[in-house]
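With chain X's structure known, arrange chain S on it following the hints.
There are 2 protein chains.
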Amino acid sequence: MRIALDAMGGDTGPEPIIEGALAALRENRNFEIILLGPDEFLRQHLATLGMDGAIASRLHVEHAPETITMHETPVEAVRRKKNSTIMVGFELVRVGSADALVSAGHSGATLASAVKKLGRLKGISRPGIAGMFPTLKQPVMIMDLGANVDCRPQHLLQFAIMAASCISKILQMANPRVGLLSIGEEAGKGNALVKEAHELLAASNLNFIGNVEGRDVYQGNVDVIVCDGFIGNISLKVSEGLADAAMQMLRAEILKSFRAKIGYLLIRNAFKNFRKRVDYAEYGGAPLLGINGTGIVSHGKSNATAIKNAVVVAANMVEKRVNDAIVEALAKWEQSEPVEADG
Amino acid sequence: MRIALDAMGGDTGPEPIIEGALAALRENRNFEIILLGPDEFLRQHLATLGMDGAIASRLHVEHAPETITMHETPVEAVRRKKNSTIMVGFELVRVGSADALVSAGHSGATLASAVKKLGRLKGISRPGIAGMFPTLKQPVMIMDLGANVDCRPQHLLQFAIMAASCISKILQMANPRVGLLSIGEEAGKGNALVKEAHELLAASNLNFIGNVEGRDVYQGNVDVIVCDGFIGNISLKVSEGLADAAMQMLRAEILKSFRAKIGYLLIRNAFKNFRKRVDYAEYGGAPLLGINGTGIVSHGKSNATAIKNAVVVAANMVEKRVNDAIVEALAKWEQSEPVEADG
Numbered sequence: 635m636r637i638a639l640d641a642m643g644g645d646t647g648p649e650p651i652i653e654g655a656l657a658a659l660r661e662n663r664n665f666e667i668i669l670l671g672p673d674e675f676l677r678q679h680l681a682t683l684g685m686d687g688a689i690a691s692r693l694h695v696e697h698a699p700e701t702i703t704m705h706e707t708p709v710e711a712v713r714r715k716k717n718s719t720i721m722v723g724f725e726l727v728r729v730g731s732a733d734a735l736v737s738a739g740h741s742g743a744t745l746a747s748a749v750k751k752l753g754r755l756k757g758i759s760r761p762g763i764a765g766m767f768p769t770l771k772q773p774v775m776i777m778d779l780g781a782n783v784d785c786r787p788q789h790l791l792q793f794a795i796m797a798a799s800c801i802s803k804i805l806q807m808a809n810p811r812v813g814l815l816s817i818g819e820e821a822g823k824g825n826a827l828v829k830e831a832h833e834l835l836a837a838s839n840l841n842f843i844g845n846v847e848g849r850d851v852y853q854g855n856v857d858v859i860v861c862d863g864f865i866g867n868i869s870l871k872v873s874e875g876l877a878d879a880a881m882q883m884l885r886a887e888i889l890k891s892f893r894a895k896i897g898y899l900l901i902r903n904a905f906k907n908f909r910k911r912v913d914y915a916e917y918g919g920a921p922l923l924g925i926n927g928t929g930i931v932s933h934g935k936s937n938a939t940a941i942k943n944a945v946v947v948a949a950n951m952v953e954k955r956v957n958d959a960i961v962e963a964l965a966k967w968e969q970s971e972p973v974e975a976d977g
Numbered sequence: 635m636r637i638a639l640d641a642m643g644g645d646t647g648p649e650p651i652i653e654g655a656l657a658a659l660r661e662n663r664n665f666e667i668i669l670l671g672p673d674e675f676l677r678q679h680l681a682t683l684g685m686d687g688a689i690a691s692r693l694h695v696e697h698a699p700e701t702i703t704m705h706e707t708p709v710e711a712v713r714r715k716k717n718s719t720i721m722v723g724f725e726l727v728r729v730g731s732a733d734a735l736v737s738a739g740h741s742g743a744t745l746a747s748a749v750k751k752l753g754r755l756k757g758i759s760r761p762g763i764a765g766m767f768p769t770l771k772q773p774v775m776i777m778d779l780g781a782n783v784d785c786r787p788q789h790l791l792q793f794a795i796m797a798a799s800c801i802s803k804i805l806q807m808a809n810p811r812v813g814l815l816s817i818g819e820e821a822g823k824g825n826a827l828v829k830e831a832h833e834l835l836a837a838s839n840l841n842f843i844g845n846v847e848g849r850d851v852y853q854g855n856v857d858v859i860v861c862d863g864f865i866g867n868i869s870l871k872v873s874e875g876l877a878d879a880a881m882q883m884l885r886a887e888i889l890k891s892f893r894a895k896i897g898y899l900l901i902r903n904a905f906k907n908f909r910k911r912v913d914y915a916e917y918g919g920a921p922l923l924g925i926n927g928t929g930i931v932s933h934g935k936s937n938a939t940a941i942k943n944a945v946v947v948a949a950n951m952v953e954k955r956v957n958d959a960i961v962e963a964l965a966k967w968e969q970s971e972p973v974e975a976d977g
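Going line by line, the protein sequences match chains X and S.
Under the numbering used here, think of the first position of the first sequence as 635, with each following residue one higher.
Under the numbering used here, think of the first position of the second sequence as 635, with each following residue one higher.
Isolated chain X, as found in the complex:
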């Protein structure tokens, strides 16, 4: 198995990405990695690292001289930058030279590129971005995180089918609980989109537990939460922003008193463990679901651990044949649909 890795996508340059690639290769023997970026630049960088031969033989470079920046629109970027890391990576997947792409770059452009190069899975109208979030119990998968800002009820149903298929494969979970993000638990609560999606989900053969509220996201009583990409993205960003702001406020309070500073020294490890537990880096990026291939987008701020975990999730998705599971689940639903529409 070969995982293509965008070496140029991160906010802080290629170092953490290459470091993550090496860590992934050291820990796993079942895949190779193809680094995407300017050929000479990458080879020079790799030459300074003094890798051992066994690792070096499993790390390849594919020339991709262009990088898509965050300021480009996905559509334009994909049309203009045919030699970008992302486009070259999905071309490798298309021709079978790679099995998956991981990128910490422009997530919208990555999805647009995947759709252009690989197409959609049969029956999927809107591919999207699914992310894993930490909770008080096991992680929850939320879809969509921002690819589809204006959705129809059918799209939310497809997100549910895709995310449930994915999480059941990669976490080996038999019958994941699916919730619909809304502003009240009762079926009648929510906006027009959510009320209609509720009916579709209730009539599906998913393990649909009904609406969940914003306060349920971090409780861990649901395995998949579906929402449109506008809500998903805002929920994600509000959470990141609140966590940042709270840590800053707490730090300011601690720095006000000598006693508290001493206390912090004693409590520091507990803080570290806590941060590790909620760190996105542990969750290995967000799978693109609905494309006819495997792609993972990682946070622009990804460190080596995050990249390593994203590569491992990508390999896991390929190995567990997540896309086959999605197509199968969708076909099952389509078969059952006419019957349930009568009921």
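Don't read these hints as lab results, they were simulated from the structure.
Please note: incorrect hints may appear among the correct ones.
Which copy? The list can't say, so a pair holds if one copy fits it or any two copies do.
What the hints assert, rightly or not - Computed list of lysine-lysine pairs in BS3-like fashion (alpha-carbon distance at most 27 Å, straight line):
hint, residue 1, residue 2
1, 750, 954
2, 829, 750
3, 890, 910
4, 823, 935
5, 895, 910
For chain S alone, coordinates are given in the frame of chain X:
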């Protein structure tokens, strides 16, 4: 000035509400309070408190035998429970026997009751709920927090005008910065609603700073954030849920080590100050804006401090004539609209 206070609305019974009323009366001399609830029950409760005469003379009771529960829909509750605390309270406001109502009960029913009893302000199509959130700097007002789940662009513009008028009066702020909650800073980013609302806001005479993202909510670089009630409610609940879950996770980490427990004892005051800084109780409830009168909804879990602050905010809104400012701002915008539509 007289503030009507729903004694029966809180999740934990009337005690914290009555305690909050007494605290408000002790700290302020410019208003009286009318407690709403079953007459005999409240009088018996008050008799056990041993108030001094000066306070007792400024605390009144108005009989309202019914309470609207959280499981009722706003429309049904308002139609059926004419003798509920909320309906009786707004009737007092309607006939001029009270100047404002504060309730920690059903926020949707409170708004529905306000609209039924008092009507909307001239020109307002959708009254809503505006809430104050803590940030790294001064608080931010977000509207709508859940009253209007399906909005048109004009509604978001009206939320902006109402919230900006309110915050400029109660915080004495000259030209509050208004942001539109979206998933990217550029004008073209967002769902269909937000893209259209962006154009209306940009053409208004508000101090519109453009789109803000979820991560900006807690930064304090904007004074008013507008969004539809579905997004607003989910952002609020996600934030509450994350804060709860994070505190639980951190507590669990601290309890794992003796060293960390000692550290916690030393750091405890910093934690307390932090929690006070982010505590909704400090922000005094969420004003209902757009109704022809003054109403505040408080969190169901409100403690005495939260109730006291909500009563003070209500008095402040009446005194500063927030509704006059809203009507004036709306009239200005309506006058300027045809000119700006040409530009």
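Evaluation of the provided hints:
1. 750 / 954: within (24 Å within a copy, 58 Å between copies)
2. 829 / 750: between (32 Å within a copy, 26 Å between copies)
3. 890 / 910: Cα proximity of residue 890 and residue 910: in one copy and across copies (26 Å, 15 Å).
4. 823 / 935: So residue 823 and residue 935 pass the 27 Å test across copies only (22 Å; inside, 37 Å).
5. 895 / 910: both (21 Å within a copy, 19 Å between copies)
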